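Chemist: Full structure from sequences and hints, please.
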Amino acid sequence: MDADLRREQILNIINREEAPVSASSLAKTLSVSRQVIVGDVALLRAQGHEILATARGYMISKFKEANQYLGKVACCHKPENTKSELYTIVDLEAIVVNTIVEHNIYGEITGSLNLNGRADVDAFMNQVESSKVKLLSELTMGLHLHTIACRDKSHFEQVCRSLEANGYLYQN
53 MDADLRREQI LNIINREEAP VSASSLAKTL SVSRQVIVGD VALLRAQGHE
103 ILATARGYMI SKFKEANQYL GKVACCHKPE NTKSELYTIV DLEAIVVNTI
153 VEHNIYGEIT GSLNLNGRAD VDAFMNQVES SKVKLLSELT MGLHLHTIAC
203 RDKSHFEQVC RSLEANGYLY QN
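Position in the sequence shown counted from 1, then plus 52, gives you the numbering used here.
Since the hints were made in silico from the structure, they are not lab data. Predicted, not measured: the structure shown is a model, and the values here were computed from it. Be careful, since some hints might not be right.
EDC-like mimics (lysine to aspartate or glutamate), calculated; alpha carbons at most 16 Å apart, straight line [to be verified]:
(1) Lys130 <-> Glu190
(2) Lys135 <-> Glu181
(3) Lys205 <-> Glu145
Modeler: Here it is, written out as structure tokens:
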């Protein structure tokens, strides 16, 4: 199969799926290796396609299309409070787009999350626990940013107030 056609098919597949699509699944469908898919997605992103890589697979960013308000919030808490912090956001029907930390060597590190309900949070936390990896926020003693997708600015402010009430907002 021609590489351009394969990349077009990758876009078509992840565009039509609501849930993230894993590189392994794409590789099986298109009869190539997982590494070929990873390379194709990197090239598609370089061409300007809004492909998000989450722990569960690739998906097309729907945030710009949906006219949602994107805001950033600084949080700080212990690792054991992560699930509760994420629930605080998704319970208000907002989407946790990503986590961002400022690393003293690598600079800004962003992890795509795209969590939009408790089931997504539970799946993410189960993956963290089963893979025995550290959360990005553990690199910065709990300090991290989240990009949050909301209906509008007042919805974002509501999420911020809830995070503050629960003690998750960073207070310097």
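Chemist: Are the hints correct? Go through all of them and say.
Modeler: Okay, the hints, checked on the actual structure:
1. Lys130 <-> Glu190: Holds - the C-alpha atoms of Glu190 and Lys130 are around 8 Å apart, at most 16 Å.
2. Lys135 <-> Glu181: 11 Å, holds
3. Lys205 <-> Glu145: Answer holds: Lys205 to Glu145 is near 14 Å, not above 16 Å.
Comparing the model with each numbered hint stated earlier shows that all of them hold.
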